[in-house]
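A.B. asks: The primary structure of each chain is shown beneath.
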Amino acid sequence: MFLVKCPWCGWRDQTEFSYGGEAHIARPLEPGQISDAEWGDYIYTRRNTKGVHAERWSHTQGCGRWFNALRHTVTDVMWDSYKMGEDAPTPPKDWDGMTCCDDHKKLAEGAKK
Amino acid sequence: MAKASSLYPGITIDTPLSGRNPIQADGLVVTELPFLGKITLRGDAADPAFAAAVKSVLGTDLPTQPMTSQRVGNTRVFWKAFDEWLIWTPEDAEQKLGADLNAALTGLRKSVVDVSDYYTILRIDGPRSRDLLAKGCVIDLHPRAFHPGQATGTGFHHATIFITQTDSDVFDIMVRWSFADYLWNYFADGAREWAA
Ligand SMILES: [Zn+2]
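Note that the protein sequences, when read in sequence, are chains A and B. Using this note's numbering, the first residue of the first sequence is number 1, and each one after it goes up by one. Using this note's numbering, the first residue of the second sequence is number 1, and each one after it goes up by one.
There may be inaccurate statements among the hints.
Stated by the list, open to error - Distance condition first, Cα-Cα at most 30 Å in a straight line; then the derived DSS-like pairs of lysine-lysine:
id : chain 1 : residue 1 : chain 2 : residue 2
1  : B       : LYS3      : A       : LYS83
2  : A       : LYS93     : A       : LYS106
3  : A       : LYS83     : A       : LYS106
4  : B       : LYS110    : A       : LYS83
Honestly, the hints are just simulated from the structure, not real lab data.
Between the sequences and the hints, there should be enough to build the whole structure, so can you do that?
C.D. replies: Okay, here's the thing in structure tokens:
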């Protein structure tokens, strides 16, 4: 179990959410014009990322809305979430998947002091 | 307690927890608030025409911040999602309110649905209310994190609920009829720890 950040409601327990798989997979505009292999690719082929993964979530028990999020698939720490149609946030290149964006910010501010 | 339906003459309606005695324990009372009117409203609060039309009926601006609510008399308006609100009215006031909203919003993109009989509401009252809720609720209800007027959808063990804090130690919890018995029994079992 881990925490998920709803773009509206904030950080909540994972049990309030439903997982929707990899994000940003566009449905082919003209399904009738593509080959079976291309259609199969759209349906089944996924990155199976080890590390930072863009994925869809729904805040099922809360506001009920779908959104996108970046999660580290090794640690299950979510970096941040973003609304549908928005660009994905960019975690630092050396992000180790141990802190979310908000904790990362707090730690950075603490280090400056 | 059954009552005559105001929509269908000759039909008697009831609630899923009808006839049950309140759950009572040391510092805790759980009761059902039966038959409150409940309306879900959807639309674009950023559209001035929508916002003005709703305000003309409700007498208040729609809450646009997550987890907030507004209260006008005995009517409560809750933020449910960025384009959705939940309205609780006194018993039998929901039909007129729904009709008034539909009339005021004519020509605008909207949805007004009477969900009064889809849900019921349980009230937990007393200094032990947070302890009881902590047995199955995943959100932080400590006074530093949650306070009167706040409201949100969340879960209580297997039940999906909508919870609002009404007063310092009073929580109102809306639940589907089909889950009302489950939630009631969970509360009854949880309250045994503090049996008076
Ligand atoms: Zn949410």
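A.B. asks: So, against the hints stated earlier in the document, which numbers end up violated here?
C.D. replies: 1
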